[in-house]
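The listed protein sequences correspond, in order, to chains A and B.
Numbered per the numbering used here, the first sequence spans residues 29 to 454.
Numbered per the numbering used here, the second sequence spans residues 80 to 249.
Source of the hints: derived by calculation from the structure; they are not laboratory data.
Some clues are possibly wrong.
In silico lysine to aspartate or glutamate, DMTMM-like type, Cα no more than 20 Å apart, as pairs [unchecked claim]:
{"#": "1", "chain 1": "B", "residue 1": "K108", "chain 2": "A", "residue 2": "D411"}
{"#": "2", "chain 1": "B", "residue 1": "K108", "chain 2": "A", "residue 2": "E442"}
{"#": "3", "chain 1": "A", "residue 1": "K277", "chain 2": "B", "residue 2": "D133"}
{"#": "4", "chain 1": "A", "residue 1": "K170", "chain 2": "B", "residue 2": "E106"}
{"#": "5", "chain 1": "A", "residue 1": "K215", "chain 2": "B", "residue 2": "E106"}
{"#": "6", "chain 1": "A", "residue 1": "K215", "chain 2": "B", "residue 2": "D184"}
{"#": "7", "chain 1": "A", "residue 1": "K453", "chain 2": "B", "residue 2": "E188"}
{"#": "8", "chain 1": "B", "residue 1": "K122", "chain 2": "A", "residue 2": "E213"}
{"#": "9", "chain 1": "B", "residue 1": "K108", "chain 2": "A", "residue 2": "D328"}
{"#": "10", "chain 1": "A", "residue 1": "K234", "chain 2": "B", "residue 2": "D112"}
{"#": "11", "chain 1": "A", "residue 1": "K215", "chain 2": "B", "residue 2": "E188"}
{"#": "12", "chain 1": "B", "residue 1": "K94", "chain 2": "B", "residue 2": "E106"}
{"#": "13", "chain 1": "A", "residue 1": "K354", "chain 2": "B", "residue 2": "D149"}
{"#": "14", "chain 1": "A", "residue 1": "K215", "chain 2": "B", "residue 2": "E151"}
With the Cβ distance kept under 10 Å, some of the chain B side facing chain A (calculated, not the full set) [to be verified]:
{"#": "15", "residue": "V176"}
{"#": "16", "residue": "S202"}
{"#": "17", "residue": "D204"}
{"#": "18", "residue": "P213"}
{"#": "19", "residue": "D229"}
Each residue gets a CB set at the ideal place from its N, CA and C atoms; glycine is no exception.
Take a look at the letters that make up each chain.
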Amino acid sequence: MVNNPLTKNIDMSRPPKDIAAYEAADGYQSIQEIAKGHAPDDVLQLVKDSGLKGRGGAGFPTGLKWSFVPQGENTPAQKYLVVNADEMEPGTFKDRLLMEGDPHLLLEGMIIAAYAIRASKAYIFLRGEYTVSEQALNIAIKEAYERGFLGKNILGTGFDLDIILHTSAGRYICGEETALLNALEGKRANPRAKPPFPQVSGLWGKPTIVNNVETICNLPGILTYGIEWYQSLTKGADHGTKLFGVSGKVKNPGCWELPLGTPIRDLIEGHAQGMQNGLELRAFLPGGGSTDFMSPEHLDLKLDYGEIAKAGSRLATGTMIILDDKTCPVGMIGNLMRFFSHESCGFCTPCRDGLPWVDEIFQGFENGFGNEKDLQILHEHVDYLGPGRTFCALAPGATAPLGSGLKLFKEDFERHIIEKRCPYKL
Amino acid sequence: MSKNVIASSAVRARKLSADEIAEIEHEMKLYPDKRAVGLEALKIVQKHQGWVSDESLLAIAKYLNIPIADLEGVATFFNLVYRHPVGKNVILFCNSVSCWIMGCDGLREHIKKEVGIDFGETSEDDEFTMIPVPCLGDCDRAPVMMVGSDLHRNLTSEKIDQIISRYRNK
Numbered sequence: 029m030v031n032n033p034l035t036k037n038i039d040m041s042r043p044p045k046d047i048a049a050y051e052a053a054d055g056y057q058s059i060q061e062i063a064k065g066h067a068p069d070d071v072l073q074l075v076k077d078s079g080l081k082g083r084g085g086a087g088f089p090t091g092l093k094w095s096f097v098p099q100g101e102n103t104p105a106q107k108y109l110v111v112n113a114d115e116m117e118p119g120t121f122k123d124r125l126l127m128e129g130d131p132h133l134l135l136e137g138m139i140i141a142a143y144a145i146r147a148s149k150a151y152i153f154l155r156g157e158y159t160v161s162e163q164a165l166n167i168a169i170k171e172a173y174e175r176g177f178l179g180k181n182i183l184g185t186g187f188d189l190d191i192i193l194h195t196s197a198g199r200y201i202c203g204e205e206t207a208l209l210n211a212l213e214g215k216r217a218n219p220r221a222k223p224p225f226p227q228v229s230g231l232w233g234k235p236t237i238v239n240n241v242e243t244i245c246n247l248p249g250i251l252t253y254g255i256e257w258y259q260s261l262t263k264g265a266d267h268g269t270k271l272f273g274v275s276g277k278v279k280n281p282g283c284w285e286l287p288l289g290t291p292i293r294d295l296i297e298g299h300a301q302g303m304q305n306g307l308e309l310r311a312f313l314p315g316g317g318s319t320d321f322m323s324p325e326h327l328d329l330k331l332d333y334g335e336i337a338k339a340g341s342r343l344a345t346g347t348m349i350i351l352d353d354k355t356c357p358v359g360m361i362g363n364l365m366r367f368f369s370h371e372s373c374g375f376c377t378p379c380r381d382g383l384p385w386v387d388e389i390f391q392g393f394e395n396g397f398g399n400e401k402d403l404q405i406l407h408e409h410v411d412y413l414g415p416g417r418t419f420c421a422l423a424p425g426a427t428a429p430l431g432s433g434l435k436l437f438k439e440d441f442e443r444h445i446i447e448k449r450c451p452y453k454l
Numbered sequence: 080m081s082k083n084v085i086a087s088s089a090v091r092a093r094k095l096s097a098d099e100i101a102e103i104e105h106e107m108k109l110y111p112d113k114r115a116v117g118l119e120a121l122k123i124v125q126k127h128q129g130w131v132s133d134e135s136l137l138a139i140a141k142y143l144n145i146p147i148a149d150l151e152g153v154a155t156f157f158n159l160v161y162r163h164p165v166g167k168n169v170i171l172f173c174n175s176v177s178c179w180i181m182g183c184d185g186l187r188e189h190i191k192k193e194v195g196i197d198f199g200e201t202s203e204d205d206e207f208t209m210i211p212v213p214c215l216g217d218c219d220r221a222p223v224m225m226v227g228s229d230l231h232r233n234l235t236s237e238k239i240d241q242i243i244s245r246y247r248n249k
């Protein structure tokens, strides 16, 4: 049986499989199976039972999310599926691989999801810079229409589905699901208040499910090979496989599909082959720029949502950023703070005014005029910008590397103040 | 400049080309209302004109019958919509965390020295404009940057020199 359902068709040295080759590798089997007479609710139940959790960062159970879509009489007839392909989290490079490498997998997953929630229209919200993904998806969508997997009355089921590829024009905040919906409606991408949640009132006020690319790509495997198979893939508590990446100064940076529950050490020392010569592992962000630092003492923990959370961080996107002992941790956090400050949508005050202040303080450390008062202000901002203080998760995300970094790299901050310069610069 | 800004939109709106209109019309079929087409229309016009001038912005607002201020709000929000003229090739320079660890600051200095531009600037020969861009999602091959719609990976100073001369001679 397949043990790498997300990447089994991917070989980046050639173009992605066309629809015939994709079908020959069990592709679109799930749609043929559904057409034999499975109700949307059966599909939803199956996904619920599989234990699939969202791969975009929050890790919310996918089937549960879908079940919040109101169904039946007296509910809006139009429902939407939106795929979040706005991958922009610093250090995250997994959805690109899936879309460039096997676009039909995403489409098959989208048909399954749309069928389960009874959505006749689906948008792929793709970041504008992903031009290769755009090309691959356009070709695949055309093929799927020609083959009858998209359009009216798909395989005689009476189910209609149109997939529309929307290419965006930048801004990190568009990855926040309600900001994404505003952007798709042609508005400034400011996040919306929740509730109402998009599942009830989303795109143009209609029930909408927003799922990450990798989440959707899990669906064909679950339907084709079954729950028992899916749950046998894992090495930990959470089910299935996941894309894990390593960037920074390791010998072999890259992205691999591994079972959830794989030890962190296998990823960093095995697949990424450890640190470059002459460098030591100092710390790492386990799942993109909005996660708390972890240290070498955590290497034997498993890559599992719960286990990483217990260590005070988040598995999030599963793409790790490695900090070595010759790179300045204060500079690294400063880089992240500049990013978040620049990408604030400017809608709510703590984020709009707090992040630039934090950024300016880091510039001060870099240029040798940081002081103890600055450190205190940074500590205060971890609280002022934390969860519950702002309109969306952008600023709380920024406080993850900030708060954990202030603790873990206390001495480095002190040295910047005492020596009035960055001690890592020659 | 101030005099022109207050001139009426009717006078200043550009005439959209047949190609631009055809592409905007195509997008209108994909969305339930015209406002949603605003960003698409800005991108279409930019593709044809290189950037979005006041005249273009007004023309789109008129064509879609949406408020000018709303469309301007969208145009100024998205970093890939250019409200100033740009060079023939736009360099989207990734300066997010993985590229920073892998030394993108030095490459930015190199471009400053060799091409004479920093973020937000256009070279004297109008060949290149450089702007920073959020993480380009290719971190295992950092540092990276895009020139136009092409991604360039594992960058070094030497590689950047080659890339620059290739686009310059295009």
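So which of the earlier hints does this model not fit?
1, 2, 3, 6, 9, 11, 13, 16 and 17
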